[in-house]
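Visitor: Chain by chain, the residues:
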Amino acid sequence: MEAEELSRALAPALGDRLTAVEPFPGTAGRVRFRPDGALDVFRRIHELGFTHLSTVGGIDWVDHREVFYVAWSDALKQYVFLSTDLPADSPHIESATSVWPSADWHERETWEFVGITFDHHPDLRHLLMPDGYAFHPLLRSFKLHEPEELEVKVRHV
Amino acid sequence: MSEMWINMGPQHPMTHGLWNLRVRLDGELIKDVDPEVGYLHRGIEKISEDRHYNEVITLMDRCCYVAGFAWEHLYTIAAERALHITPPERAEYLRVLSDEFQRIASHLMWYAAFVQDIGLMSPFLYGMRDRDLILDLYQSYTGARMTYEYFRVGGVRSDLPPGFTDQARKVLDWLTPRFNEYDQLCLGSDIFHKRCDNLGVLKANDCVTHGVTGPMIRSAGLKRDLRKDRPYSVYRQLDFDVALADSADVTGRYLVRMEEMRQSVRILRQVVDWLDHHPGPVIAEELPRWLGAPYAPVGKEGYLLKRHYPKGVGFSAVEEPHGEAQAYVVNEGGEHPYRVKFRSPVFANISAARQYMVGYRVADIPPIMGSVDVCVGEVDR
Numbered sequence: 001m002e003a004e005e006l007s008r009a010l011a012p013a014l015g016d017r018l019t020a021v022e023p024f025p026g027t028a029g030r031v032r033f034r035p036d037g038a039l040d041v042f043r044r045i046h047e048l049g050f051t052h053l054s055t056v057g058g059i060d061w062v063d064h065r066e067v068f069y070v071a072w073s074d075a076l077k078q079y080v081f082l083s084t085d086l087p088a089d090s091p092h093i094e095s096a097t098s099v100w101p102s103a104d105w106h107e108r109e110t111w112e113f114v115g116i117t118f119d120h121h122p123d124l125r126h127l128l129m130p131d132g133y134a135f136h137p138l139l140r141s142f143k144l145h146e147p148e149e150l151e152v153k154v155r156h157v
Numbered sequence: 001m002s003e004m005w006i007n008m009g010p011q012h013p014m015t016h017g018l019w020n021l022r023v024r025l026d027g028e029l030i031k032d033v034d035p036e037v038g039y040l041h042r043g044i045e046k047i048s049e050d051r052h053y054n055e056v057i058t059l060m061d062r063c064c065y066v067a068g069f070a071w072e073h074l075y076t077i078a079a080e081r082a083l084h085i086t087p088p089e090r091a092e093y094l095r096v097l098s099d100e101f102q103r104i105a106s107h108l109m110w111y112a113a114f115v116q117d118i119g120l121m122s123p124f125l126y127g128m129r130d131r132d133l134i135l136d137l138y139q140s141y142t143g144a145r146m147t148y149e150y151f152r153v154g155g156v157r158s159d160l161p162p163g164f165t166d167q168a169r170k171v172l173d174w175l176t177p178r179f180n181e182y183d184q185l186c187l188g189s190d191i192f193h194k195r196c197d198n199l200g201v202l203k204a205n206d207c208v209t210h211g212v213t214g215p216m217i218r219s220a221g222l223k224r225d226l227r228k229d230r231p232y233s234v235y236r237q238l239d240f241d242v243a244l245a246d247s248a249d250v251t252g253r254y255l256v257r258m259e260e261m262r263q264s265v266r267i268l269r270q271v272v273d274w275l276d277h278h279p280g281p282v283i284a285e286e287l288p289r290w291l292g293a294p295y296a297p298v299g300k301e302g303y304l305l306k307r308h309y310p311k312g313v314g315f316s317a318v319e320e321p322h323g324e325a326q327a328y329v330v331n332e333g334g335e336h337p338y339r340v341k342f343r344s345p346v347f348a349n350i351s352a353a354r355q356y357m358v359g360y361r362v363a364d365i366p367p368i369m370g371s372v373d374v375c376v377g378e379v380d381r
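Chains as they are written, first to last, in our numbering: chain Z, 1 to 157; chain P, 1 to 381.
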């Protein structure tokens, strides 16, 4: 399945919830959609045979955040890449767990690291970081220590 | 009897790494499980944003310490797509050579640990003995036994030393009859069957729903192997079969991994023969120095200067020994990736633990978790 074919399969059911379908190397295509219609997009993608959700991830573009999903179809032997942009001040999107239960941990990780909230997620709590950890480490505003910031104390004897 | 939560881990012999399996028990019966991971989180995705493209490869070895090459390969494919670089063919064969030896080494490590979990001691020693032969081969061409740092964006670091292919053939000849011996030790034992048959069953449908991949999904009878389904590198030119079982239980996963090792030997024989007859460059030409190109005459344009690469994104997926691993590299120009995202197969396989553990007994936990082949390094990243 190529991007055009994917676009033809998705466009009638999704209408303006679909923003664009672009070719994307290694996958059937990159489907860009409006975040408010996320659940319909997930359902439609699932109906097309992409029943296996591989991963969920997020990117901090500073002025906005992107959340992406990768799903696999056993019949087509292909991946599909979904992505959408969320506002940086309140990034939230409907959880995909009702369509793909495997989204559970991946969404927890994305929430924890990129600060994207997944609405109606059954169990949105810390996964890799300790409970109560107050930062989202994969945001660009979270800086790793620069070498010169670390104070090296030399003891003279 | 009242139910209670028990922590199996983080320092439990069953875990094979630093993670914690919380189990809710009613007597001996498992009512619920809640895996807790993150003890080994090193922030590899975050650190990658601060490293040159080739420096990330160093981190990849640490991602999964028993299958470093698979992760190096995963990352280099994604980075090459993001940077629009094509590696030479010989480099691709060298990568597959490394990958497939790694698959055997990783499965042998699994075999050694798994059989010990179910109470058979001697297979542990045999597994470790034979894995060492592969590590010796790695040492001869990468200089390292565990963290190789051999792949480069655009190829591999160096060619094979003289006489390597003969040595590799010797190892393959040695390994071939060993798999039958392993089978005799395990499948010939009634204890093995009593402990492993019909245990940890996860049917193909549930595997798909819960994101499980690798030997676990193939043991459920679903023919799914990225080397066949979406051939990357030179797998299209190689002749091999996908290992399958249909019992979807612990024994099935054992059978799949054993058959995978045999198929890897088959692939390796073809790769070694190819390498003997096709000399050539092992790294792409015209790479800038910051991508680790070999030293070039000073002043030759494009080498010492920072070559500007157009922006791009790269997505790759490879069949790692544990399952399907994916990488997503975002190149916004410059020497560092803007964002790197990894999908670990074991992460997804553990997240489905509730599906294949609830309803079994406490004593079944070690064989079930052993059959999942947990590598905490790639779960936590």
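Treat the hints with care, since some could be wrong.
Okay, the calculated bits of chain P under chain Z, using three or more residues with CB under 8 Å as the criterion [claimed, not checked]:
| id | stretch |
| --- | --- |
| 1 | 111-124 |
| 2 | 333-344 |
Calculated Cβ distances over 10 Å to all of chain Z for the following chain P residues [stated by the list, open to error]:
| id | residue |
| --- | --- |
| 3 | Arg24 |
| 4 | Val37 |
| 5 | His210 |
| 6 | Pro310 |
| 7 | Glu324 |
| 8 | Gln326 |
| 9 | Phe347 |
| 10 | Asp380 |
FYI, nobody ran anything at the bench for these hints, they're computed from the structure. Idealized CB from N, CA, C, for every residue including glycine.
Visitor: So, for every hint listed, does it hold in this structure?
Guide: Going through the hints against the structure:
no., hint, result
1, 111-124, "violated (count 0)"
2, 333-344, "holds (count 4)"
3, Arg24, "holds, 15 Å"
4, Val37, "violated, 6 Å"
5, His210, "violated, 5 Å"
6, Pro310, "holds, 14 Å"
7, Glu324, "violated, 7 Å"
8, Gln326, "violated, 6 Å"
9, Phe347, "violated, 7 Å"
10, Asp380, "violated, 6 Å"
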